[in-house]
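Sequences listed follow chains A and B, in order.
So for the first sequence, this note's numbering puts the first residue at 1; every next one is plus one.
So for the second sequence, this note's numbering puts the first residue at 1; every next one is plus one.
Just so you know, the hints here were simulated from the structure itself, not pulled from any lab data.
Ideal placement from N, C-alpha and C gives every residue a C-beta, glycine not left out.
Do not take every clue at face value.
Each pair of labels, with its calculated beta carbon distance range [what the hints assert, rightly or not]:
1. A:Q27 <-> B:E63: 43 to 51 Å
2. B:E63 <-> A:I28: 44 to 52 Å
3. B:Y219 <-> A:D218: 45 to 53 Å
4. A:Q179 <-> B:I253: 21 to 29 Å
5. A:S18 <-> B:A341: 46 to 54 Å
6. B:H348 <-> A:Q27: 38 to 46 Å
7. B:C88 <-> A:S123: 39 to 47 Å
8. A:T6 <-> B:K61: 25 to 33 Å
9. B:F129 <-> A:I228: 19 to 27 Å
10. B:V115 <-> A:D66: 27 to 35 Å
11. A:N138 <-> B:P104: 27 to 35 Å
12. A:S18 <-> B:F220: 49 to 57 Å
13. B:L209 <-> A:Y25: 38 to 46 Å
14. A:Y25 <-> B:G32: 15 to 23 Å
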Amino acid sequence: MNFKITLSFLIYIIVLASITWLYKYQQISPILIVPYKVQTDWSYEPIGCWNSQSMDSNLSTNCQLDDSMDNILLFGDSHASQLVLGFENLLKTTQAPSSKKIILLTSSLMNGHWPSPHFFDSSQVKFISSVLAETSKNDVIIFTVSSQHVKDSVYGNLKQKGRLSISLAKLLASILYTQPIKGKIILMLDTPHLKNDVARICYREEGYKNKLCQLNYDDYMLQNSYLIEAYDYLKTLPINPSNEPIVLDPTPSFCNLKECSLFDESGFMLIDGNHIKMSVSHKLVKELFIGVI
Amino acid sequence: MELSRIISQKRDSQIDSIRAFSFFLVFFYHTGYTEAGYIGVDLFFILSGYLMTGTIISITKIEGTKGIFTFAKKRFSRLIPSILVVTCITTLFAYLIVPDSDRPEIMRTAITTLVAGANYYLALSQDYFGVAAMFNPFTHMWSISAEIHFYLIIAILGFVFRFSKFALIAFVVLIAGINLIFSGDSSQSYLFSHSRIYSFFAGHCLYFLAIRVQLQFKYFALFKTTLYGLILLLSIVKLPVLFGTTDWLLNSIVANLLGFILLFLILSSGKKNTPLSSIFNSLIANTWGYVGRISYSLYLVHFPILSYSFWIWGEITLLGLFGVFLASFVTAAINYKFVEARFVKWLH
Chain A
1 MNFKITLSFL
11 IYIIVLASIT
21 WLYKYQQISP
31 ILIVPYKVQT
41 DWSYEPIGCW
51 NSQSMDSNLS
61 TNCQLDDSMD
71 NILLFGDSHA
81 SQLVLGFENL
91 LKTTQAPSSK
101 KIILLTSSLM
111 NGHWPSPHFF
121 DSSQVKFISS
131 VLAETSKNDV
141 IIFTVSSQHV
151 KDSVYGNLKQ
161 KGRLSISLAK
171 LLASILYTQP
181 IKGKIILMLD
191 TPHLKNDVAR
201 ICYREEGYKN
211 KLCQLNYDDY
221 MLQNSYLIEA
231 YDYLKTLPIN
241 PSNEPIVLDP
251 TPSFCNLKEC
261 SLFDESGFML
271 IDGNHIKMSV
281 SHKLVKELFI
291 GVI
Chain B
1 MELSRIISQK
11 RDSQIDSIRA
21 FSFFLVFFYH
31 TGYTEAGYIG
41 VDLFFILSGY
51 LMTGTIISIT
61 KIEGTKGIFT
71 FAKKRFSRLI
81 PSILVVTCIT
91 TLFAYLIVPD
101 SDRPEIMRTA
111 ITTLVAGANY
121 YLALSQDYFG
131 VAAMFNPFTH
141 MWSISAEIHF
151 YLIIAILGFV
161 FRFSKFALIA
171 FVVLIAGINL
181 IFSGDSSQSY
191 LFSHSRIYSF
201 FAGHCLYFLA
211 IRVQLQFKYF
221 ALFKTTLYGL
231 ILLLSIVKLP
241 VLFGTTDWLL
251 NSIVANLLGF
261 ILLFLILSSG
271 KKNTPLSSIF
281 NSLIANTWGY
291 VGRISYSLYL
301 VHFPILSYSF
311 WIWGEITLLG
321 LFGVFLASFV
331 TAAINYKFVE
341 ARFVKWLH
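Start from the sequences and build out the full structure, keeping to the hints where you can.
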């Protein structure tokens, strides 16, 4: 009898250990019987200067501020990257494209343990701060981030939301307020995201009818409320009144009154669960930034 | 001899009928065809509370406090093997079907399922009533984790305190206190063991009531059919919010009341005919009873099958619904025969 119980317990431990091992070390699927293909229209994937710098110790000239031009500096995560495509298109279609330079400082920002005091003192934060300190009056600094990256921000434990949004505000404060920055600071709210990567379902012709592909207004507001809280908290901190951040809200590009949709004339607007298509980026940047930059 | 009789006690066909009924309530809720079919879980909890109380009392009479090990062995030998098998296979399918970006969430739920913490993990990480819950094939494991917590609690109360009134009152006060401190939003309080234990205790009280009262009255079948009908209606119609944002609570409370009365009628009547056998022919009645017998396996397997169907097709048509049920039924029958029943036999 004892042997049977021991054997059962052993099997339990083996299964638990195996699944934990798979979770920790084997996150990439060796095979998907239903191939998952990102339905992307991005011409390329912009990579932030800080991210590419880790591979190559020399900062490329593309990442250096140009004194003879107005610099548009973006930092944040992949949601900042997706705007690069829109800005490139905007500059191509405006009359004086050569007068502006786009620099993507970071394309992933949200690594690390947020409440850790060392996070605010990380090499990434130092890098961003050092570049922003060199900006001039005509430069524009844009920050945007996916609230999805912060665990428990939207769908999770609401009791922790306040703490995390304050963490974001403190992070931004450590970048923006610990030194004089001349460039115009813009904080952007998040573009919509769905909880899961359902693009392969939503891209179908009849995808717009599918409940899983619909953007719920309240969910979208809840998603952004986390960032709004962080930005509001940021405003309560002592700052230079002449350089107060501007908050831009992309909601009107996706919602009309309380009706939201992730479908436009080109079909589903996302390439996965939370990144917008290149054509949507073009449209969004035109609508949001043309009066600001 | 007496103990082995308790362990292999004969199945009550009426209880199997309620199990089958409860499973279908949950199944139609998960497939999106009813608004409040989640009340099926309440019925499962009441049944569990009733059966566990009876089992503990029977074992205690023979083995005393030491019977806690027999009870643990009996319960875990039934629950754990199927959980292990379903978790392993569901995890493998996650590698075949789910994109890499969404798999970590599923894996975390799998691990918390194995350590009986899925309900607390899910309460803190996702909205049970949201669309996204369908994409996690382990979402339904919350109730299995809660059930394991209930077993542990009732085993302590039963074997250690012999269901003393003082211990029960102290426990109820403790639970009420925990509820007050950790009152969450609708999704969270739905999943927490401490906020759902009232169903289990309804079953516990039912046991003591049912062994004391014997009912004999004329319109027994009519009452039962009406109660089944009312519970069915309750699974379709969502009642208004009771307080706060807890919009599941009123349905759950009414389901507990109706379920309690239904079970009380059945258990105290002493009649052994299934309530549906008089309506359906014997083949259907037998199938219905079989669904009840394999309801634990069915509950375990139906949700991963449904969830992966959502991953592949995005939505479930009526034909798809039938396909999901058929696949669940076949898989559950295999699991019941080769895992659930066999392991219990092997261990004992």
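Results for each hint:
About 47 Å separates the C-beta atoms of A:Q27 and B:E63, a value consistent with the hinted range of 43 to 51 Å. A hinted range of 44 to 52 Å holds for the C-beta pair B:E63 and A:I28, which are about 51 Å apart. B:Y219 and A:D218 have their C-beta atoms about 47 Å apart, which keeps the hinted 45 to 53 Å range intact. Roughly 58 Å separates the CB atoms of A:Q179 and B:I253, a value that falls outside the hinted 21 to 29 Å.
The supplied range of 46 to 54 Å is broken by A:S18 and B:A341, whose beta-carbon atoms lie about 25 Å from each other. Checked against the hint of 38 to 46 Å, the pair B:H348 and A:Q27 passes, with Cβ atoms roughly 40 Å apart. A beta carbon spacing of about 42 Å between B:C88 and A:S123 agrees with the range 39 to 47 Å that was offered as a hint. Taking the beta carbon of each, A:T6 and B:K61 are about 29 Å apart, inside 25 to 33 Å as hinted.
As the Cβ distance of B:F129 to A:I228 is approximately 24 Å, the hint placing it in 19 to 27 Å holds. Checking the proposed 27 to 35 Å range against B:V115 and A:D66 shows it is violated: the Cβ atoms sit about 55 Å from each other. Take A:N138 and B:P104: their Cβ atoms lie about 43 Å apart, and the range 27 to 35 Å is violated. Checking the proposed 49 to 57 Å range against A:S18 and B:F220 shows it holds: the Cβ atoms sit about 52 Å from each other.
Look at B:L209 against A:Y25: about 53 Å separates their beta carbons, and that is not inside 38 to 46 Å. Checked against the hint of 15 to 23 Å, the C-beta distance between A:Y25 and B:G32 comes to roughly 36 Å, which is inconsistent with it.
Violated hints, in rising order: 4, 5, 10, 11, 13 and 14; the structure is consistent with all others.
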